[in-house]
Amino acid sequence: MVLLGTIVNVLFIMIGSIIGLFLSKISESMKEMILKSIGLCVIILGIQMGIQSENFLIVISSMIIGGIIGEKLDLDGKFNEFGRWLETCLASKDENFAEGFVTATLLFVVGAMAVIGALDSGIRGDHEVLYTKAMLDGFTAIILTTSLGIGVLFSWIPVLIYQGTITLFATQIDDIIPKGMFDSFLVELTATGGVMIFAIGLSLTGLLNIKVANFLPSLIVVAFLIPIMHYFPM
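Under my numbering, the sequence shown has 9 at position 9, and the numbering climbs by one with no breaks.
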């Protein structure tokens, strides 16, 4: 089953979030400490991913172009609107619902494991990366839910759409993209995602308030820049 890895990932996010709800009766100071701890760890993860770039010009160009597109489309606003719409539909009284939904969604979809795992599922039928990601996301969902509430639970929706789409596309990718170009794409996608994850970490710690969702088009821009750099090296 080609989507098995994504389905398992979604289930772990749900289970982790539900467990987190039972642990949410902790003090506000403890919640703040947990959130900042996650933020610091996410910053380090972003740095590790970002320095893997072999051509940082691609990362810079992707972030600028993608950021402009995202700002024009106001993706951050739309993510928050969707979160508030879910909150209204569920009659939730959680004031952090939209923030929890957006923060968890970005953490779960921006990382390299989401893309690489989905590609492995589609190309080779190998779900190991997504199984590993499922465990990490499940644990992260527990911690995030204790601080940001039930909104984290509903991040499974964009995760299913995002990873599922990549997996289904990947079933045809071997016939479309040369291996060398594909390897470069993964490296630069990882680095670009790392910069975005670094920004998420800064937001979680409260150091900066960055609209990270507006940079999501950067991941698509990478896919356009890689073929240009591949066929017309500078």
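If you're looking for bench data, these hints aren't it; they were derived computationally from the structure. No experiment lies behind these values; they were computed from the predicted model shown. Wrong hints could be hidden among the right ones.
[What the hints assert, rightly or not] Distance condition first, Cα-Cα at most 27 Å in a straight line; then the derived DSSO-like pairs of lysine-lysine:
| no. | residue 1 | residue 2 |
| --- | --- | --- |
| 1 | K25 | K93 |
| 2 | K93 | K211 |
| 3 | K36 | K211 |
| 4 | K31 | K93 |
| 5 | K93 | K36 |
[What the hints assert, rightly or not] Between beta-carbon pairs, the in silico distance windows are:
| no. | residue 1 | residue 2 | range |
| --- | --- | --- | --- |
| 6 | R84 | E32 | 17 to 25 Å |
| 7 | I228 | K36 | 24 to 32 Å |
| 8 | R84 | H230 | 21 to 29 Å |
| 9 | P227 | L73 | 32 to 40 Å |
| 10 | F22 | T88 | 31 to 39 Å |
| 11 | I176 | I26 | 47 to 55 Å |
| 12 | T171 | F56 | 25 to 33 Å |
| 13 | I176 | E128 | 34 to 42 Å |
| 14 | I220 | L11 | 22 to 30 Å |
| 15 | P178 | F56 | 16 to 24 Å |
| 16 | E54 | K93 | 22 to 30 Å |
| 17 | D74 | M135 | 17 to 25 Å |
| 18 | T205 | P227 | 33 to 41 Å |
| 19 | I68 | G206 | 24 to 32 Å |
For every residue, glycine included, the Cβ atom is placed at its ideal position computed from N, Cα and C.
Here is how each hint holds up against the structure:
no.: 1; hint: K25 / K93; in the structure: 15 Å, holds
no.: 2; hint: K93 / K211; in the structure: 24 Å, holds
no.: 3; hint: K36 / K211; in the structure: 18 Å, holds
no.: 4; hint: K31 / K93; in the structure: 18 Å, holds
no.: 5; hint: K93 / K36; in the structure: 24 Å, holds
no.: 6; hint: R84 / E32: 17 to 25 Å; in the structure: 23 Å, holds
no.: 7; hint: I228 / K36: 24 to 32 Å; in the structure: 40 Å, violated
no.: 8; hint: R84 / H230: 21 to 29 Å; in the structure: 42 Å, violated
no.: 9; hint: P227 / L73: 32 to 40 Å; in the structure: 23 Å, violated
no.: 10; hint: F22 / T88: 31 to 39 Å; in the structure: 25 Å, violated
no.: 11; hint: I176 / I26: 47 to 55 Å; in the structure: 49 Å, holds
no.: 12; hint: T171 / F56: 25 to 33 Å; in the structure: 32 Å, holds
no.: 13; hint: I176 / E128: 34 to 42 Å; in the structure: 24 Å, violated
no.: 14; hint: I220 / L11: 22 to 30 Å; in the structure: 28 Å, holds
no.: 15; hint: P178 / F56: 16 to 24 Å; in the structure: 22 Å, holds
no.: 16; hint: E54 / K93: 22 to 30 Å; in the structure: 48 Å, violated
no.: 17; hint: D74 / M135: 17 to 25 Å; in the structure: 34 Å, violated
no.: 18; hint: T205 / P227: 33 to 41 Å; in the structure: 37 Å, holds
no.: 19; hint: I68 / G206: 24 to 32 Å; in the structure: 26 Å, holds
Comparing the model with each numbered hint stated earlier shows that hints 7, 8, 9, 10, 13, 16, 17 do not hold.
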